[in-house]
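S.K.: The lines below spell out each chain.
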Amino acid sequence: MLDLSPNRTLPDRPDPEPIDLEALRQIVEGFREMPGGMLPLLHAIQGHLGWVPAQAVPLIADEINVSRAEVQGVLDFYHDFRRSPPGRHLVQICRAESCQARGSAAIEARAREVLGIGYRQTTPDGALTLLPVYCLGNCACSPAVRVDDEILGRMDPEGFAELVRTLREEAPAP
Amino acid sequence: MSDLVHTRVYVPIDSSALSVGAEGVAQAILAEADRRGAPIHLVRNGSRGLFWLEPLVEVETPVGRIAYGPLRPRDVPELFDAGFLQGQPHRLGQGLTTQIPYLAGQERLTFARMGLTDPLSLDDYRAHGGFLGLERALDMTDAEVIQEVKDSGLRGRGGAAFPTGIKWETVRNAPAPQKYVVCNADEGDSGTFSDRMLMEGDPYCLIEGMAIAALATGATQGYIYSRSEYPHAFRTLGTAIERAREAGYLGSSLLDSGRTFDLEIRMGAGAYICGEETSMLESLEGKPGLVRFKPPLPAISGLFGMPTVINNAMSLASVPIILSKGAAFYRDYGVGRSQGTLPFQLAGNIRNGGLVEKAFGLTLAALLYDYGGGSASGRPIRAVQVGGPLGAYVPESQFEVPLDYEAYSRMGAMIGHGGIVAFDDTVDMARMARYAMEFCAIESCGKCTPCRIGSRRGMEVIDRIVADRDRAGNLALLQSLCDTMLNGSLCALGGMAPYPVLSALRHFPEDFGVQSQDLPAPKGEVA
Chain E
24 MLDLSPNRTL PDRPDPEPID LEALRQIVEG FREMPGGMLP LLHAIQGHLG WVPAQAVPLI
84 ADEINVSRAE VQGVLDFYHD FRRSPPGRHL VQICRAESCQ ARGSAAIEAR AREVLGIGYR
144 QTTPDGALTL LPVYCLGNCA CSPAVRVDDE ILGRMDPEGF AELVRTLREE APAP
Chain V
19 MSDLVHTRVY VPIDSSALSV GAEGVAQAIL AEADRRGAPI HLVRNGSRGL FWLEPLVEVE
79 TPVGRIAYGP LRPRDVPELF DAGFLQGQPH RLGQGLTTQI PYLAGQERLT FARMGLTDPL
139 SLDDYRAHGG FLGLERALDM TDAEVIQEVK DSGLRGRGGA AFPTGIKWET VRNAPAPQKY
199 VVCNADEGDS GTFSDRMLME GDPYCLIEGM AIAALATGAT QGYIYSRSEY PHAFRTLGTA
259 IERAREAGYL GSSLLDSGRT FDLEIRMGAG AYICGEETSM LESLEGKPGL VRFKPPLPAI
319 SGLFGMPTVI NNAMSLASVP IILSKGAAFY RDYGVGRSQG TLPFQLAGNI RNGGLVEKAF
379 GLTLAALLYD YGGGSASGRP IRAVQVGGPL GAYVPESQFE VPLDYEAYSR MGAMIGHGGI
439 VAFDDTVDMA RMARYAMEFC AIESCGKCTP CRIGSRRGME VIDRIVADRD RAGNLALLQS
499 LCDTMLNGSL CALGGMAPYP VLSALRHFPE DFGVQSQDLP APKGEVA
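Quick mapping for you: the protein sequence lines, in order, are chains E and V.
Take the first sequence: its letters are residues 24 to 197, numbered as in the numbering used here.
Take the second sequence: its letters are residues 19 to 545, numbered as in the numbering used here.
Check before you lean on any hint, since a few could be wrong.
[What the hints assert, rightly or not] Which chain E residues stay away from chain V? Per the calculated CB distances, all over 12 Å, these: (1) P58; (2) L62; (3) H66; (4) Q69; (5) P108; (6) A167; (7) R188.
[To be verified] Short, incomplete list of chain V residues facing chain E, as computed with Cβ under 10 Å: (8) E125; (9) T188; (10) A192; (11) D207; (12) P249; (13) G286; (14) Y290; (15) K305; (16) L321; (17) N370; (18) S395; (19) P407; (20) V445; (21) C466.
Calculated from the structure, these hints are not laboratory results.
All C-beta atoms, glycine included, are put in the ideal place defined by N, C-alpha and C.
Only chain V is shown next, with the shape it has when bound in the complex (with noise of 0.2 Å):
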């Protein structure tokens, strides 16, 4: 069989593929392809991002990769018949990978690589174009690099859209004996998986933007803080940050340069707040993730006391193409100053979930009915809560609206880490916003009151409001309380937790049982 050319196969060890039985169907070719005697050589490739065709099975044949989907382990022998091997029609074959619509109207630049390659080979990451970008940076000096971080207009990915670039240079400029690059890889947001994909599916990628800003800033020591909710990511991100090392690319003297920076992964312990950089600096230090007051920002005082950049993951991984293009390469994407591409990411009651990676500017109805082909259910998408359990709830009538910072920022609403979850017509939004206040209340670290205490208190108004009990006072008590959490929390999550409320009871009044003229004036914050 020596003499036999092996067809490759690929089959994903995505987690989101595994949780829909990608693990069956992988064992059901290898057997079934053991009982032909046809030769196959099965690769175990990150996921396309294509979930909806989850397990989505692909076969690499002259023509370019042909992709079947979704399979359940009992259509095998059926594709075997089919002549899958050769890429021949099925019923569940889905022509080849890169002209389905969704992934072939994509900008894929961060996610350039995905579902390509073994995650964990580096011979694969390298014949994709891995570790140019790093290789580049070890040619250039700090400043160079920073530079051209700057220049690609790239902008923080966790939602703050802060310039990397002036992130990283505030760091550089910091004097210090230790230095930290601090990875947040802690992915709370209902509706977001971009760094879980990622961490399973290109983690090289990672570790190269995170050695990337340990040269530009003068860190040697790098933290990527993950959740014990991705079991898989953690273990996959851990035997890459070994081969890596064993590579030359991670530890005492990166590709033989004389430069050092050696990578750990930490794993959290069910906290949302660790993911607000603070705390999560405060839970790496070994202590309860208790949100530190700014400043000292973490650029000037960080990570045990020391000058530390904190970047998404995101953020991180969408460095090593910008050095390895360049930066107008990447500045080149996107509209005003949302520059380059978000990888979006789409879910909740919708046909066609998945990642989109495209240049800001799109609008969401394009995401939504585009892409996503409309609900799941068949029904009306009323409602789409934009990044995370912080995000407002937009309506059907700013489905229009661009999706770039500015224009959401101006609408009381937020992009976020990008992700988008829709809800058909039939969700009650008063509860969805009782969820908000209760999410706030069993996540809030307890440092500032208004999270703690308000968010508690905003759960037995709304109970009020929905009851109609003394509605009116009720309806100003929430804005009031409202107020008070946005403007005395110290982060985001008691200070934003009041934006899916007040979108939620401006937009569809309704459900709280309120005409939407009792409403009380809004005070600017939430359109």
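Isolated chain E, as found in the complex (with noise of 0.2 Å):
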């Protein structure tokens, strides 16, 4: 049954991992002057941790004096903000019409195949996680996938497995 109750504080759901939430209000307290600053704000949290915690939501909220249901309706709005943790990369396969137009559905049949995973999985050993991206201004270049930060055009079904075994035979970090 939904809890109602004006001193609930615990959050939706436990976070997969322990955090740190002395840095995150370190890193909170930095934006209590922005104004308009909740999207900055979410995103050095995601840049730091590379997701939102549950957590986040109500230190978000005492922090800059919002209400919780407001910091959680940001999240929830935005396609970027995640709320659990990614794999070491992020793997975004262009959709939009100028990659569809160069083949960008034979690249998706071959993500499909070769990582066994669907958009917004992440491959069991943790490597990357998939996403979809609506146009990365690359059209000239089509098709075109991301990886982090970096853009990649004229891909082909080959030149993407090619990547992610790449990606996927990196060691983890320490």
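Fit the two chains together into the complex; they arrive one by one in their own frames, and the hints show the way.
M.R.: Dropping the structure here:
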């Protein structure tokens, strides 16, 4: 049953790993004076952890004096914010029209085949999380994919298979 | 070696050029020059926008810049052997860059500096006419600046084509303790990349345009709202803002004039809807990007409730040249009420994809065949989506219609942000129509029912048409659903998603398994 108690402070679900709340508090501190700084703040937390833990929600609400619902509302609205830890690399395949016109569907099919996962899922070895993206602005060199902050153009299914093989063979950071 | 003349070699740092290996080419050139003891000065410039030739390397010679491309790192030793540092011929040589027909035929006003300079060099920017517009604006009254922009005929380049000068005047005349300039650089339309190129390749141009807008309207704070999909642009522009501030082009007293304007770049978070201006304001205020009702117009009550100029990056980047060369210079380009130039972006299944800045009035046929060189696959071009994911699909029979706002509007299409995505004859237009509805469903902010629910029902109805389940009934239902979305949505997402759907159905009914005589009569919105 839904807990509507105003004193409920626990997050909806436990975070899957321990969170250094003090580090988060320090990040939030830096955005207290920024007008409308919620997105930059959430980007900063995600930049630090790779995702935004549920425990960050009441913490942000307290620190910048908004309701938890307001924080949660922003977190839920935007596709970019992740509520669970991703793989070591983020791999995005562009699904927009220009890339479709140049065969992105074949890359998507190859991705499913070699990775055995769908969009918004992480490979069991934790190497990568697969995400859809709607235009990387690389449309004159379609089809495009993105690995972390690097954009790759003129991609083809074999190139993609090779790319993810390399990413998965990389040793995890200690 | 210091007495030797260092040959200037240009390798683009544009993210599209990087996406096809420009970094490897740059490193290979440095290593090879070092190995041979050849003195070079490597400049990382913006892209010329001839993307099928990227990585496109240029060498400065006494007769001008000579281009080579597309290069791979392994081509580099052979290029040195051929004497490319002296501009000697090579199988990948393209001759003088400015004489490559693709570039020679363009009218580059907004993109005049694109690819010529080191994007972050203030000296380069000034050496190529930068900040002349701002300097002139500082000598004018705000009313004179606005008049100049009005006289230029500049209309919003984001897609809505509203006269920029009138928008500025509204903000100027709105009394308020604080006003803002917001640059819409949330370039989410597939097939568009001109904002990205500008932010990465000529960021000071955008900063200068925003500073002029601020002077004209009395705004003192600006925001550039860009995309998380553009990490390179975000970094480049962030650095450019810092350097412009240090040099006195931003801050508490612009060029010691006593006028204040400062600027911040914000990153979106993967929501297409935030390219809609009121959704963008919500996002800048730190909220979910739910579209606002209008009125009030943002020019009256915008960011944090204050009068706000919101212009597309292309509109703002067109302002410096209008101020530096005068309204008449700019207005002389174009046709009818579509004045000036538009940086068209050629993408999709096209041989020569890239940026083509031309005066309004040329045809799609000229862009697709004279510039684009036809399809990349070598098959016939069957359909072209103009103006992003909410733009109509244009069939070959309409390729000769001149590209101007009014002519496109008359045929139920739109030029939008100038994105042009070509498809060859293997395209399944029923799938593209379904995708348009799917995209709308994914990206709907959820405020309006016709958009939020209609797009989902639209996917199902298209599926039923294709599967031939009560085809006639579902065709009528799709038409009715599209009418509801067109007329019942607050913003362009729900309000225009029917354009690609209905144009695909009208021009390519066979892909839906439909005979053209069985189509329901159009209601006038889409030709």
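S.K.: Look at each hint and say if it fits the structure.
M.R.: Here is what the structure says about each hint:
1. In this structure P58/E is not separated from chain V by more than 12 Å, as the shortest Cβ-Cβ distance comes to only about 7 Å.
2. With 12 Å as the threshold on Cβ separation, the claim that L62/E sits away from chain V is violated: the shortest Cβ distance comes to roughly 6 Å.
3. The Cβ of H66/E sits about 6 Å from the closest Cβ of chain V, inside the 12 Å cut-off, so the non-interface label is violated.
4. Annotated as non-interface, Q69/E brings its C-beta within 12 Å of a C-beta of chain V; the closest such distance is 9 Å.
5. At roughly 18 Å from the closest C-beta of chain V, the C-beta of P108/E stays outside 12 Å, upholding its exclusion from the interface.
6. Not every beta carbon of chain V lies more than 12 Å from that of A167/E, the smallest distance being close to 7 Å; the non-interface claim is violated.
7. Look at R188/E: its CB is around 19 Å from the nearest CB on chain V, clear of 12 Å, so calling it non-interface holds up.
8. Of the supplied interface hints, the one on E125/V is violated, with its beta-carbon coming no nearer than about 19 Å to a beta-carbon of chain E, more than 10 Å.
9. Against a cut-off of 10 Å between C-beta atoms, the interface hint on T188/V is violated, since the closest Cβ of chain E lies about 23 Å away.
10. Contact between A192/V and chain E, as hinted, is not supported at the beta carbon level, the nearest pair being about 19 Å apart and thus beyond 10 Å.
11. Taken as an interface hint, D207/V checks out: its beta carbon lies about 7 Å from the nearest beta carbon of chain E, inside 10 Å.
12. A least Cβ separation of about 4 Å between P249/V and chain E falls short of the 10 Å threshold, and the interface hint therefore holds.
13. For G286/V, the shortest C-beta to C-beta distance to chain E is roughly 7 Å, which falls under 10 Å, so the interface hint holds.
14. Residue-level restraint check for Y290/V holds (minimum Cβ-Cβ distance to chain E is 6 Å; threshold 10 Å).
15. Hint on K305/V holds. Least Cβ distance to chain E is approximately 6 Å, under the 10 Å limit.
16. Hint status for L321/V relative to chain E: holds, with the closest Cβ pair at about 8 Å, below 10 Å.
17. Checking N370/V against chain E by beta carbon gives a least distance of about 9 Å; that is within 10 Å, so the hint holds.
18. At its closest, the beta carbon of S395/V sits 9 Å from a beta carbon of chain E; the interface hint therefore holds under the 10 Å criterion.
19. Among the interface hints, the one on P407/V holds; its C-beta lies about 6 Å from the nearest C-beta in chain E, closer than the 10 Å criterion.
20. Against a cut-off of 10 Å between C-beta atoms, the interface hint on V445/V holds, since the closest Cβ of chain E lies about 7 Å away.
21. The beta carbon of C466/V comes no nearer than 15 Å to any beta carbon in chain E, farther than 10 Å, and the hint placing it at the interface is violated.
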